[in-house]
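K.L.:
Take a look at the letters that make up each chain.
There are 2 protein chains.
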Amino acid sequence: MTNIKALKGHIIYTKVKDTFEVHENSYIVIDNKKVVGIFKELPDIYKDISIIDYGHNAIIIPSFIDLHIHAPQYLQMGIGLDLELIEWLQQYTYRNESLFSDVDYAKKIYPTFVDNLYNEGTLRSCIFATIHNESNKILLDELKKKKLSAYVGKVNMNQNAPNDLLQSAECSYEETKSFIDYFTEDLIKPIITPRFAPCCTSELLAKLGKLSMKQELPVQTHLAENKKEVEWVKSLFPDSKNYSDVYKKYNLYGNQKTLLAHSIYLSDEEVAMASNNDNVYLVHCPDSNGNLTSGIMPVTNYLDKGIKVGLGSDIGAGHKMSMPSTITSAVQYSKLRHVFRNEERVLSLSEAFYLATNVNGSFFGKVGSFEKDNFFDALVIRDPDPLVNYLKPIEKLQRFLYNASSNSIVERYLEGEII
Amino acid sequence: MTNIKALKGHIIYTKVKDTFEVHENSYIVIDNKKVVGIFKELPDIYKDISIIDYGHNAIIIPSFIDLHIHAPQYLQMGIGLDLELIEWLQQYTYRNESLFSDVDYAKKIYPTFVDNLYNEGTLRSCIFATIHNESNKILLDELKKKKLSAYVGKVNMNQNAPNDLLQSAECSYEETKSFIDYFTEDLIKPIITPRFAPCCTSELLAKLGKLSMKQELPVQTHLAENKKEVEWVKSLFPDSKNYSDVYKKYNLYGNQKTLLAHSIYLSDEEVAMASNNDNVYLVHCPDSNGNLTSGIMPVTNYLDKGIKVGLGSDIGAGHKMSMPSTITSAVQYSKLRHVFRNEERVLSLSEAFYLATNVNGSFFGKVGSFEKDNFFDALVIRDPDPLVNYLKPIEKLQRFLYNASSNSIVERYLEGEII
Numbered sequence: 001m002t003n004i005k006a007l008k009g010h011i012i013y014t015k016v017k018d019t020f021e022v023h024e025n026s027y028i029v030i031d032n033k034k035v036v037g038i039f040k041e042l043p044d045i046y047k048d049i050s051i052i053d054y055g056h057n058a059i060i061i062p063s064f065i066d067l068h069i070h071a072p073q074y075l076q077m078g079i080g081l082d083l084e085l086i087e088w089l090q091q092y093t094y095r096n097e098s099l100f101s102d103v104d105y106a107k108k109i110y111p112t113f114v115d116n117l118y119n120e121g122t123l124r125s126c127i128f129a130t131i132h133n134e135s136n137k138i139l140l141d142e143l144k145k146k147k148l149s150a151y152v153g154k155v156n157m158n159q160n161a162p163n164d165l166l167q168s169a170e171c172s173y174e175e176t177k178s179f180i181d182y183f184t185e186d187l188i189k190p191i192i193t194p195r196f197a198p199c200c201t202s203e204l205l206a207k208l209g210k211l212s213m214k215q216e217l218p219v220q221t222h223l224a225e226n227k228k229e230v231e232w233v234k235s236l237f238p239d240s241k242n243y244s245d246v247y248k249k250y251n252l253y254g255n256q257k258t259l260l261a262h263s264i265y266l267s268d269e270e271v272a273m274a275s276n277n278d279n280v281y282l283v284h285c286p287d288s289n290g291n292l293t294s295g296i297m298p299v300t301n302y303l304d305k306g307i308k309v310g311l312g313s314d315i316g317a318g319h320k321m322s323m324p325s326t327i328t329s330a331v332q333y334s335k336l337r338h339v340f341r342n343e344e345r346v347l348s349l350s351e352a353f354y355l356a357t358n359v360n361g362s363f364f365g366k367v368g369s370f371e372k373d374n375f376f377d378a379l380v381i382r383d384p385d386p387l388v389n390y391l392k393p394i395e396k397l398q399r400f401l402y403n404a405s406s407n408s409i410v411e412r413y414l415e416g417e418i419i
Numbered sequence: 001m002t003n004i005k006a007l008k009g010h011i012i013y014t015k016v017k018d019t020f021e022v023h024e025n026s027y028i029v030i031d032n033k034k035v036v037g038i039f040k041e042l043p044d045i046y047k048d049i050s051i052i053d054y055g056h057n058a059i060i061i062p063s064f065i066d067l068h069i070h071a072p073q074y075l076q077m078g079i080g081l082d083l084e085l086i087e088w089l090q091q092y093t094y095r096n097e098s099l100f101s102d103v104d105y106a107k108k109i110y111p112t113f114v115d116n117l118y119n120e121g122t123l124r125s126c127i128f129a130t131i132h133n134e135s136n137k138i139l140l141d142e143l144k145k146k147k148l149s150a151y152v153g154k155v156n157m158n159q160n161a162p163n164d165l166l167q168s169a170e171c172s173y174e175e176t177k178s179f180i181d182y183f184t185e186d187l188i189k190p191i192i193t194p195r196f197a198p199c200c201t202s203e204l205l206a207k208l209g210k211l212s213m214k215q216e217l218p219v220q221t222h223l224a225e226n227k228k229e230v231e232w233v234k235s236l237f238p239d240s241k242n243y244s245d246v247y248k249k250y251n252l253y254g255n256q257k258t259l260l261a262h263s264i265y266l267s268d269e270e271v272a273m274a275s276n277n278d279n280v281y282l283v284h285c286p287d288s289n290g291n292l293t294s295g296i297m298p299v300t301n302y303l304d305k306g307i308k309v310g311l312g313s314d315i316g317a318g319h320k321m322s323m324p325s326t327i328t329s330a331v332q333y334s335k336l337r338h339v340f341r342n343e344e345r346v347l348s349l350s351e352a353f354y355l356a357t358n359v360n361g362s363f364f365g366k367v368g369s370f371e372k373d374n375f376f377d378a379l380v381i382r383d384p385d386p387l388v389n390y391l392k393p394i395e396k397l398q399r400f401l402y403n404a405s406s407n408s409i410v411e412r413y414l415e416g417e418i419i
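Residue numbers (the UniProt record's numbering), protein chains in the order written: chain A, 1 to 419; chain B, 1 to 419.
It is possible that some hints are incorrect.
Copies of the same chain look alike in the list, so a pair counts if it works inside one copy or between any two.
Stated by the list, open to error - Taking lysine to any residue and the SDA-like style, the derived pairs with C-alpha atoms no more than 20 Å apart in a straight line are: (1) 320 x 387; (2) 5 x 53; (3) 228 x 161; (4) 146 x 2; (5) 320 x 405; (6) 320 x 407; (7) 320 x 388; (8) 177 x 115.
Hints listed in this document are in silico derivations from the structure and should not be mistaken for laboratory results.
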């Protein structure tokens, strides 16, 4: 009944955010779905288990998790990025999402989207779909086929968007419930997804909050991405103390695990709210924030206050469906913020990697680290450029994160199995 | 004797910086090495010329030019980027460049470096080699083999670097002269290359300036990349008014065409110097400047003052040997600068493209545009993802710049010929 195996290679991961753990030419032992331990020499008790030796050119790292990604925006990556948020939504994004009322269109886009998640080594993700359940189901089916793990949310909107993307509060709520019933397996789960406060009335937010509480479902939405948006929310919800409080008021903030994408422009009060709530993840999407001229999250400030900061590619405002790109952009953006805000420290590469693996993984449970009893989710990396063999294992990882393409990923493991 | 042909596809380029010229389903006629014109219908006089039809999925754009790239740093891309400039030079770059005293090492690195230029569609570039002429010759040979165009400089240093990278002023000068004699053809030319002021004594700078003047050779070096570096130059050259003036004093500033990489921290006086000199190119290397926490060039300020701003990948401090990445990073970085300096406008995508093609091209002559009498340097782009065919031609270009890999480049033309 036991299913124990060992992989051999240079094993690299982060246990704490400040340093990479590097185990050169070592074995990682996996019992069924989970990590048993890492060993320089294989202990006698494992002498008869099967060993896969990936050779001295390979590094073995935790696979990536993307905490904020819009599946319908796959084809929109890189398009129309001379605009800012609100104009970009109106001129490109909503028009594009309307196309998903046609299931045949979803059947064209979603398989390629899911293939790209797989190719890029993003084996788990938290996904915004659209309001259209028939198309949303296509997305779930494709994720299942590729054996990827995800939270997928039916998007909810009942105001301030084109009519064909709006549903009544009641209809949006009922459709959310019926979509939830379509989920059947452990790896793919539902998540409550109000698009963002400006697109939802209090009535809709209240219904979604109740549903999240009753069914113990996590929540994903957007928060404080753009200064104009923050002002807009203030005018739409004058009774709320701040933007975070809009969600809080309707039980959509930190009662269950909650992903708040962007979170750039938070008041001190909102920062305190986030730091006092272990269910709250502020999701940093650096490329998206650059592309839409939104700003740069003060990520090290947040981390140093004990806030959980996750990372997301946020395609299509982000232009690369790649967590290595997101990791290195997070580091770059933090350096650029430091240039203008000298008092804020710079994010190191190991920290950004820790966010994309350990922190992002914690949204899914014991995921993202190679410590004992974690699910063994991993990528085996071997750069096709033979010159890379001049580099030390940690340099191979740096090179992969900054420069290599998904061609370097030669094997993908999810919960102990090759997928 | 005539060698006239036409290519068909969606032809896109920039004539002025503010807009893309888009010629859907059109013909570009090439006579020998140069552009004749672009036509929606082929005129009768061309009815018998050969036509290559790349189909309605292809876009045809000017090929890329990289105005600042360090060939020996190829293997260093992405490595050690938690450091700032001076520390990064000392801990990684100089150590790495020392390896090129071994010609066999150059024989391993340079072919791959040149292959990557070719793959990425960078058909012309201005390259820093190392101090080692035997290895530098390998680089020239490889460029010749791949039929690429370049300016290549032997690096000059006689102080403030590890001993094995220093030569006496006399030796450095003589070696530069002897390297120049090794150049034999039109496409590959020499360029005078003092590394940067801190690594050169006045004596060496003076010799190089004289050589540039006498042989009418262009110059490439670094300028005002990092605040500490600017202070250092001030202490090393107390008699010069400012950093630019160090080069000016020794005839290395704008007497011949001059590439000044980075140029982030310029005084008003230096900005005026650059804007009054048509030979001066300030070369923006956004990724490098982010990775080394250097800062962000005020690129739109410079452009609006009439300064020639070029673009460079600056590997290995830049982490992508790709001009599309450099173009989109320049746009992103300008947006991020705008967030902190609201009074400065944002660089548009067409402007960044114009810099990487028209401005960069002008360093090589009539290059970088598809206007009449320009050398026909071009890339044919066809994204392997069939979904991209839903996009309009200009959106295909946006997608390529932001998202696609070099796999999308299906043909490369330099001076009218497929290479």
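K.L.:
Please name the hints from earlier in the document that this structure breaks, with their numbers sorted from lowest to highest.
P.N.:
4, 8
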